[in-house]
Amino acid sequence: MSRLHNLPAWLVPLTGAALLVSAFQVPADAPTSPDSLLSAATGPALAAAVGPRPGGLPDPPDPPGTILLAEPGSPFVAFNIWIRAGSQNDPEGKEGLAALTAALLSDGSTTHDPYQAIVEKLYPMAAGYGASVDKEMTVFTGTVHIDNLERYYELFRNALLSPAFDEADFDRVKQQTLNFLERGRRYNRDEELSRELLYWMAYRGTPYEHPEEGFVRSVRAITLDDVRAFYDDFYVRNNLVVGVGGGFPVGFGERVRADFDTRPAGEVPVLPAPDPVRPDRVKILIVEKETDATAISMGFPTDLYRGHPDFWAMKLVNSWFGEHRSSFSHLYQVIRERRGMNYGDYSYIEPFPNAFATQNRPVNASRRSNLFEIWIRPIALTEPGNLHPRTLFATRAALRELDRLVERGLPEDQIERTRRFLNDFSLNYGSTVARRLAYRVDDAFFGLGADGSGSGEGGYLTSIRPGLAALDKAAVDTAIRRHLASEGLYLVFITADAQALKALLLSGEETRIDYAGEQPAEVLAEDDEIAAWPIPVVADDIVVLQISEVFEGR
Amino acid sequence: MRSLLAGALLACTALAGSSPPAAAQSDGDIFPFETRRFDLDNGLRTYLIHAGSPGMLAYVSVVRTGAREEVEEGVTGFAHFFEHMMFRGTKKYPNYDGVTESFGANRNANTSQDRTFYYLVAGSEYLERIVDLESDRFRNLSYAEPAFRTEAGAVLGEYQNNAYSAFSVLDRAVREKVFTTHTYRHQVIGFEPDVRDMPNQYRYSLDFFRRFYRPENVVLLVVGDFDFDQAESLIRAYYGGWEPGYVPPAVPVEPEQTEPRRDAVTYPGRTLPMVTLNWMAPAWSATDRQAVALELLGGIAFGPNSPIYRRLVVQERRLQALQAGFALSRDPDFVQVLAMVTDPADVQAIEAELLAEVERYQTELVDERTLADTRSAARYRFLMGLEAHLNVANAVSRAVVNTGALEPINDYYRTLRSITPEDLRRAAERILTERNRTIVTLVQEGGS
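Listed in order, the protein sequences are those of chains A and B. So the first sequence is residues 1388 to 1941, counted in the numbering used here. So the second sequence is residues 23 to 470, counted in the numbering used here.
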């Protein structure tokens, strides 16, 4: 997801100085870090795999035109304008166009105000607006204190309805994107890059293939006329949904809709959902750079999406296996808690952009096709020469746990335990009006809710408890067998000395690790099994790239 | 409390019976919520605050110890490491994670220079379990050496997550140049050799707990929908027996800087060049006009709405980014202007332009409208941050960390409202001086 925002350094304990990109973005609204500033790979094509083709959500349902979440008395008003287009709509050779269009609108002049006048007008309100672009959706969001609603709305509306398409703004925004692609993405945060590369591997040949920000070469090729054309094609009244939440006055939501209805109507082609191939064996990408630590991501396409009959079962399974930033989840217990190998180990059934930066569950990254993803945060070298053995040990530990999950299913008591946790924990999901509104927009994407209107009833947040309550062991275990398997997957490493890692992988050698402290006998016994766990891969299925080639072009 | 889910998800942010942050007051207290403060005999201070969503609460323990307190050789990064150990259980509750999981708590912690911040967000019906659990670990934390050594590995992993970014390399260089003595010289994560040596510091960790995890050094912030009387009696009961004994460490005082300093570092990856101007600044204060003026000045002079930002970032695009970090700390710390330069050949000229701009603020007065807009921005930024329970705790934590009390947050915004253009000019003249200044630049290895 393209989110070119970030926090000032003093708000991010444990990180260094940060930069500000979008002048219209209020820092406190943007829980990301400096790396997001700086954000593409080519190389030998990965051999096409053969395996079952995951289904994904058949067709995107028609959403309502307006989603209103009235919370009378609230001092805040949140906006969420959803454009039903994302990076999947980028033309070939112009990958990154959806993101650049959104960035120009959210960080550029309007026909009413030059850029700097907008900055000046927003400044005393401490409010801003920003855009986020995912594979299938673009949202423009902002929250304002009710005192400033009218002044703010005028600016927000103009940004979307009266963009100036100013050449200088375009050059500035494009230059910032290229800086991110050429430098920041490659050098700042390997653990996030490994996740982007996993998506690239898994979606080769589909509209999901490229990162939202595009490739270095494709972004260079984008012109201001391309941006205008994208705006004309997709920012049309029948392709945008108006969301307003909070303490707005009566009639305000209708007024906003009427304003957005001034956009012409247009014909927007509906793209089929991607049809990624589930690999039948292990396929590996090794990106080489100078480093003392390895970033690891692995996964494969599934046919899960919100609303799929197995969704709640798999949400529970995933929570038990690898709930994001939860120390009691299984992978975390095995790799970090018991063995202290890294900072954290998680799994996902839906996209989780910028996972390093936030504990909050992402919103507005709805996709018809999803991966099951395992994220192993960087494994550091502890003694000269042990980086690769430690890397493979952690990888083997994760593969073994996945295999055991598929073999054994989940015991009753663990199902109950996880259900109890999620029942209460999910209360945190909608902690602000902006998030509650964003969940409604996602409901509308998936056609959730009694009438598909995104009205809340039957939506994601209100369905979690009943959805989990309805599960029994048979349902959970059936879902596991249907959606998970450990034999075929994509595996990404970002590490030093790629050829040595490749040789170690192909050798099949055991990779034991040493500990700084004593370990109980049962951990050591388990280590014997982990160290020898097979990663069946052949030389032709291992691709090596240099960091400087990553996301350079298709 | 019955329809907890619907309530939490659908209700507005303001609670019945508490004052919502509806209006930005022009005078009086900025903090709008009903608050109760009480101190126990052992020195533990608590603030109970009605705010946030119905049926939920945030339970926050602020330990006024961070990297600042790491005064001994070889143990930088320890406050943060110790934060990890606080999740390793006690005799009564050996499995802290399991207990918090059982009531679906969203809980974690983070460490900065001046404090360690533990939070737990959960349904209000779990209040007593939370008080029991949290008081127990703060009083009776217990872990064996093997667990300690294992956790040290996780900290090394955390170090690696971010160590190689250009920003991180630059930040380390700035700190080592600006400080000669004070503990702000090291990043919160610590120096790498110390992080690698952490497994060997078990005995030191026991000592660390005994010294710093004492009631006089902790402030509780309970924010949410709950009964004040019940919460107070629970906190009195569970924390009353916590033995005091905090002895503040002798944090070394940074000697006054007497001449300008400079450093240039290279980065092994690829990055645009970065220039930082840094000045030693006074400690945070709610009432010192010069300190408050300086914090405002950073945004006014170098923020997105500043003339130089407009010229160098927007019009000429000689900078990819320009940022001012002027938030002050518990002890005198540096404030920073950071510029990312588009053309490596332009670095020196950019430095000169930034310095000329500083000089301008030392001699010219900021216009009244800019100042009024800045005051308004500061006030709304604060109010906009009061939406959810945990955010409320974060919003007041600066005052709590720096002074041990919440009330100064109101004083701070009163002082802020009274700042004049002359206060801003004087802050620039007295603090952003040449002798107080350190310039550090970063370029990629081998040039562009």
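Certain hints may be false.
[As the list claims (entries may be wrong)] In silico DMTMM-like cross-links for lysine to aspartate or glutamate, where the CA-CA straight-line distance does not exceed 20 angstroms:
id, chain 1, residue 1, chain 2, residue 2
1, A, K1561, B, D389
2, A, K1860, A, E1794
3, A, K1561, B, D395
4, A, K1508, A, E1537
5, A, K1508, B, E456
6, A, K1481, A, E1794
7, A, K1508, B, E390
8, B, K199, B, E373
9, A, K1889, A, E1844
10, B, K199, B, E456
11, A, K1481, A, D1558
12, A, K1508, B, D389
Simulated from the structure, these hints should not be mistaken for lab results.
Here is how each hint holds up against the structure:
no.	hint	result
1	K1561(A) with D389(B)	34 angstroms, violated
2	K1860(A) with E1794(A)	14 angstroms, holds
3	K1561(A) with D395(B)	30 angstroms, violated
4	K1508(A) with E1537(A)	12 angstroms, holds
5	K1508(A) with E456(B)	34 angstroms, violated
6	K1481(A) with E1794(A)	44 angstroms, violated
7	K1508(A) with E390(B)	16 angstroms, holds
8	K199(B) with E373(B)	18 angstroms, holds
9	K1889(A) with E1844(A)	51 angstroms, violated
10	K199(B) with E456(B)	15 angstroms, holds
11	K1481(A) with D1558(A)	16 angstroms, holds
12	K1508(A) with D389(B)	16 angstroms, holds
Against the hints set out earlier in the document, violations occur for numbers 1, 3, 5, 6, 9.
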